[in-house]
Amino acid sequence: GAVVSQHPSWVICKSGTSVKIECRSLDFQATTMFWYRQFPKQSLMLMATSNEGSKATYEQGVEKDKFLINHASLTLSTLTVTSAHPEDSSFYICSARDQGGQPQHFGDGTRLSIL
Amino acid sequence: RKEVEQDPGPFNVPEGATVAFNCTYSNSASQSFFWYRQDCRKEPKLLMSVYSSGNEDGRFTAQLNRASQYISLLIRDSKLSDSATYLCVVIQNTGGFKTIFGAGTRLFVKA
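Chains as they are written, first to last, in the numbering used here: chain F, 0 to 114; chain X, 8 to 118.
Quick caveat, the hints were computed from the structure, so don't treat them as lab data. Any given hint could be a false lead.
As the list claims (entries may be wrong) - Result set (DSS-like, lysine-lysine): computed pairs, CA atoms no more than 30 Å apart in a straight line:
1) X/LYS105 to X/LYS49
2) X/LYS52 to F/LYS40
3) X/LYS86 to F/LYS65
As the list claims (entries may be wrong) - Rough simulated footprint, nothing fancy, chain F against chain X, three-plus residues with beta-carbon under 8 Å:
4) 23 to 33
5) 51 to 59
Note that the coordinates shown come from a computational prediction; the quantities given were computed from them, not determined experimentally. Backbone N, C-alpha and C define an ideal beta-carbon position, used for all residues, glycine too.
Please put together the full structure from these sequences, using the hints given.
Structure representation (structure tokens):
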């Protein structure tokens with residue numbers, strides 16, 4: 000079946016560091032990729048949607064200058080958390096789909112801890 | 008009103024029990040329906056698609072009622088390993104495809 004790979008799975012770093020998370024679709028062309036954030040015991044929160052070759056569409060309240068998204072190819076999207084602070088600590092999950100109307104497949108998630 | 012609503016639970020059931028979850032959606036432009044399962048501190052995984060004709064996969068049965076705009080998931084003979092959060096997911100087609108996730112229903116199966 001479809002597989003989405005996310006890397007790294009765990010990051011611990013100092014406040015002020017920028018962190019890049021990669022999301023790759025391994026056996027299909029991901030025309031659309033999604034980035035979510037999830038705090039403990041809470042629902043998934045959609046941060047942004049990106050289509051290959053286009054600028055990402057950010058959800059209300061998500062700072063696009065802080066969470067930089069690049070979707071340069073049909074198999075790779077990256078999320079960069081710039082100048083991360085402790086309040087950015089969360090579980091970040093990407094997902095991808097090939098065609099509209101199809102279910103999304105999720106990456107393993109990245110647990111980000113900012114000290 | 009949320010576009011996709013689920014009972015958050017938690018549902019606490021003994022092993023072997025049958026448990027049913029319902030999910031309602033409000034937008035009639037919804038065209039595709041799915042159940043996902045999310046284990047604690049893990050990513051959601053696609054469990055099954057939902058069709059009007061019903062969809063059965065082993066102990067799991069999913070059903071869609073378009074007239075009433077609700078989706079159900081039935082788990083028979085519950086196992087300890089079924090403990091998870093079950094997410095109802097709806098894809099709307101309103102000129103573009105939009106995926107809406109329910110908040111999830113937590114299930115605890117106990118020995």
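For the stretch 51 to 59 of chain X, do three or more residues have a beta carbon lying closer than 8 Å to a beta carbon of chain F? holds (count 4)
Within a Cα-Cα threshold of 30 Å, do X/LYS105 and X/LYS49 meet the stated pairing? holds, 23 Å
Compare the distance between the alpha carbons of X/LYS52 and F/LYS40 with 30 Å, and conclude whether the hinted pair is satisfied. holds, 17 Å
Coverage of the stretch 23 to 33 of chain X by chain F, judged on three or more residues with CB within 8 Å: violated (count 0)
Next pair to validate is X/LYS86 with F/LYS65; report whether the Cα-Cα distance is within 30 Å. Violated, because 43 Å separates the two Cα atoms, which is more than 30 Å.
Checked against the numbered hints above, the structure breaks hints 3, 4 and satisfies the rest.
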